[in-house]
Every structure is written in C-alpha cells, then in structure tokens.
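**Q** Input sequences plus hints: build the corresponding full structure.
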Amino acid sequence: MTEIILLVLLVIAALAAVSMRNLVSAGMVLAVYSLLMAVIWTSLNAVDVAFTEASVGAGITTVLLIAAVSHTGRKEAPSKPGRRMKFIPVVMLLIVLALVYGTFGMPDFGDPEAPSHHHVAPRYIHRSHDETAVTNMVTAVLASYRGYDTLGETTVIFTAGTCVMLLLRRRRRKPGKETKRGGATG
Amino acid sequence: MNNVTIQAVSRLLIPFIQLFALYVIVHGDSGPGGGFQGGVILAASFILYAIVFGAKAGRERVSRKTSDILSSSGVLIYGGVGLCCMLSGGYYLEYNALPFANPHLASHYGIFGIEIGVGVTVAAVMITIFFEMSRRDEKEHADGRAVQEARTDD
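Chains as they are written, first to last, in the numbering used here: chain A, 1 to 186; chain B, 1 to 154.
Just so you know, these hints were derived from the structure itself, not from any lab. Mixed in with the good hints there might be a few duds.
Said to hold, decoys possible - Estimated spans, in silico, between C-beta atoms of each pair: (1) A:His126 x B:Asn2: 52 to 62 Å; (2) A:Tyr101 x B:Pro15: 45 to 55 Å; (3) B:Asp68 x A:His71: 16 to 26 Å; (4) A:Glu113 x B:Tyr92: 51 to 61 Å; (5) B:Lys65 x A:His71: 23 to 33 Å; (6) B:Ala8 x A:Ser116: 33 to 43 Å.
Stated by the list, open to error - From the structure, some residues in chain A lie toward chain B, with a derived Cβ separation under 10 Å: (7) Ala77; (8) Ser144; (9) Thr155; (10) Gly161; (11) Thr162; (12) Met165.
We treat Cβ as the ideally placed atom computed from N, Cα and C, and that holds for glycine.
**A** Set out below in structure tokens:
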C-alpha cells in the first residue's frame with residue numbers, strides 16, 4: 001500500500017515538473033521526485049542506491065539546476081502550438097504501451113528463479129566477504145569485482161569537471177575583451 | 001545572503017555535514033555509502049557555505065587551484081593503488097597482492113584507498129562545477145580581482 005502511494009506521488013511529481021513554467025520551481029519539484037525515489041529504493045532495501053539518489057538527485061543536481069537557471073532566466077519560453085505538436089502525445093502513448101508490453105516478458109517482482117539471480121549473484125553473496133574482506137556487498141562489487149568500472153566512472157566525473165573548467169572559465173578570464181567583441185564569447 | 005538566522009544555522013551545521021561526509025567515505029566498506037556519496041555530501045557542505053556567505057568567501061575556503069589539484073589527484077590515487085598492486089606482483093587493481101600482513105588486510109586497505117580517491121575527485125569536481133556555473137552576483141567588485149587572477153594564471 002505504501003509503495004502504491006509513493007509511486008502515485010512520484011507520477012504526480014514528474015507531471016508537475018514537466019508542466020511547470022517556472023524553472024526554479026520545476027527544479028525543486030525534481031528534488032521532491034528524487035527524494036520520493038530514494039524512499040522507494042529504501043523500501044526495496046537498496047540503501048546504497050537510495051543514498052546516491054538522495055545526495056546526488058535531490059541535493060547536488062537541484063543546486064546545479066538552479067545555478068544554471070540563474071544564467072538563463074526563470075521562465076520557460078512559451079511553446080507555439082503548431083501542427084507538429086499534435087502527434088507527439090500519440091507517439092508518447094505508443095511508446096508507453098510498448099514499454100508496458102515489454103514488462104510482461106520480465107520475471108515476476110522478487111522472483112528467486114529470475115536469471116539475474118543465477119549468474120554472478122550467488123558468488124557475490126556467498127564469497128564476497130572472503131574474497132574482498134568488506135562487509136558491504138555493494139562496495140565489494142563496486143570496488144573490487146567491478147573495480148575497472150568504478151575507475152571509469154571516476155574518470156568520467158573528472159572529465160566532466162575538466163570540460164566545465166574549459167568551457168566556462170574562458171569567459172571570465174577576459175572580462176575586458178568580452179565587451180569589445182560584443183558578447184561573441186558569451 | 002545576509003540573513004543572520006541562515007548564517008548562524010549553517011555555521012552550526014557545516015562541521016557536522018563534513019563530519020558525516022568523512023564518516024560515509026571511511027565506512028563505505030561496512031555500511032551504505034562510499035566514496036561517491038561521501039564526496040557529494042562533502043561538496044554539498046562547501047556549496048552551502050558558498051551560497052550562504054557568497055561565492056567569494058567560498059573560494060577563499062577552497063581556492064580554484066586547490067579544487068583543480070584535488071579533482072585530478074583523486075583519479076591519480078585510484079590509478080596509483082592499481083599500479084601499486086602491479087608493482088607488488090599482482091594484476092592491475094588486484095588488492096590482495098598489496099604488501100600487507102595478509103591478503104584480507106591488503107584487500108581492505110586497497111578498497112579503502114580507492115574509496116578515498118573517488119571521494120576526493122567527486123567532491124572537488126562538484127565544487128568546481130558549482131563555482132563555475134553560479135553567476136557572479138558580486139561580479140562588479142570582484143572583476144578587478146578576476147582580471148588580476150587571470151593575469152597571474154596565464
């Protein structure tokens with residue numbers, strides 16, 4: 001029952017975020033969405049994912065979205081209701097139906113016979129403590145069994161930071177020249 | 001933001017947020033969380049400071065140079081742990097090969113090392129992204145300084 005309430009609230013938050021014209025409010029509603037998602041992950045016993053969702057989705061992303069809005073403006077530009085817009089809801093509905101149809105082919109929720117529970121999961125559950133000496137199985141997988149992936153993830157974050165430095169720093173470095181060029185750099 | 005309440009509350013909260021962030025990074029192997037989450041929380045504490053006391057005051061705490069160096073050194077710590085594994089006779093990132101008393105301890109310390117690396121990079125990059133993306137409201141009186149900084153940087 002609690003899960004149904006949470007999922008309904010999640011859909012409401014998603015629709016509200018899409019329909020809002022004020023971009024700061026939309027960012028706030030997305031934070032609510034992430035927090036609800038974190039509660040759902042917790043109720044599914046996925047605490048590590050919930051932790052990430054709460055800190056990154058509800059925390060940092062909201063701050064960065066609002067920081068980005070401070071560059072652009074608070075209001076969403078009004079869209080013109082042209083002929084193109086009319087068939088988009090139909091396409092969306094078809095995609096949703098196709099995705100729902102796809103879920104019928106998946107194993108039942110929590111099915112112990114699901115293929116994902118028979119590949120590497122038994123080894124992680126039985127042997128991860130012996131092999132890696134850490135008690136949190138998620139950390140054992142992330143840091144040890146999938147150490148290369150985590151190295152890649154860290155490199156991606158570093159690359160993102162480098163790109164932000166390269167793209168956004170140049171503008172501030174030449175504040176005198178910017179006005180001469182007539183805002184060509186900004 | 002010159003609101004006394006917000007300043008007082010965040011002055012009280014920020015040390016605890018940072019302590020919690022370090023706890024999450026260090027306890028990644030025995031509880032939920034790890035380098036990524038802890039790094040994000042650590043960055044959030046600095047971002048809170050910068051929002052409440054202004055970007056300029058925030059940059060005095062974490063200078064541009066510091067965050068730049070930290071964001072790359074985290075990846076280097078991670079890669080360095082992998083290289084240490086190779087130097088002590090194992091494969092890349094095979095923590096059991098590290099020269100500690102037993103393979104269990106070695107694996108533990110190896111994972112601890114990379115968690116710290118992840119945390120340092122994530123925290124520094126998030127701080128960098130925030131500072132670069134937030135608009136300079138105090139640009140007028142910070143401009144002279146920015147020009148000077150740019151000259152010394154170049």
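**Q** Against each hint, give a clear statement of whether it holds in the structure.
**A** Now the hints, each set against the structure:
no. : hint                           : verdict
1   : A:His126 x B:Asn2: 52 to 62 Å  : holds, 58 Å
2   : A:Tyr101 x B:Pro15: 45 to 55 Å : holds, 53 Å
3   : B:Asp68 x A:His71: 16 to 26 Å  : holds, 22 Å
4   : A:Glu113 x B:Tyr92: 51 to 61 Å : violated, 36 Å
5   : B:Lys65 x A:His71: 23 to 33 Å  : holds, 24 Å
6   : B:Ala8 x A:Ser116: 33 to 43 Å  : violated, 50 Å
7   : Ala77                          : violated, 19 Å
8   : Ser144                         : holds, 6 Å
9   : Thr155                         : holds, 6 Å
10  : Gly161                         : holds, 3 Å
11  : Thr162                         : holds, 8 Å
12  : Met165                         : holds, 6 Å
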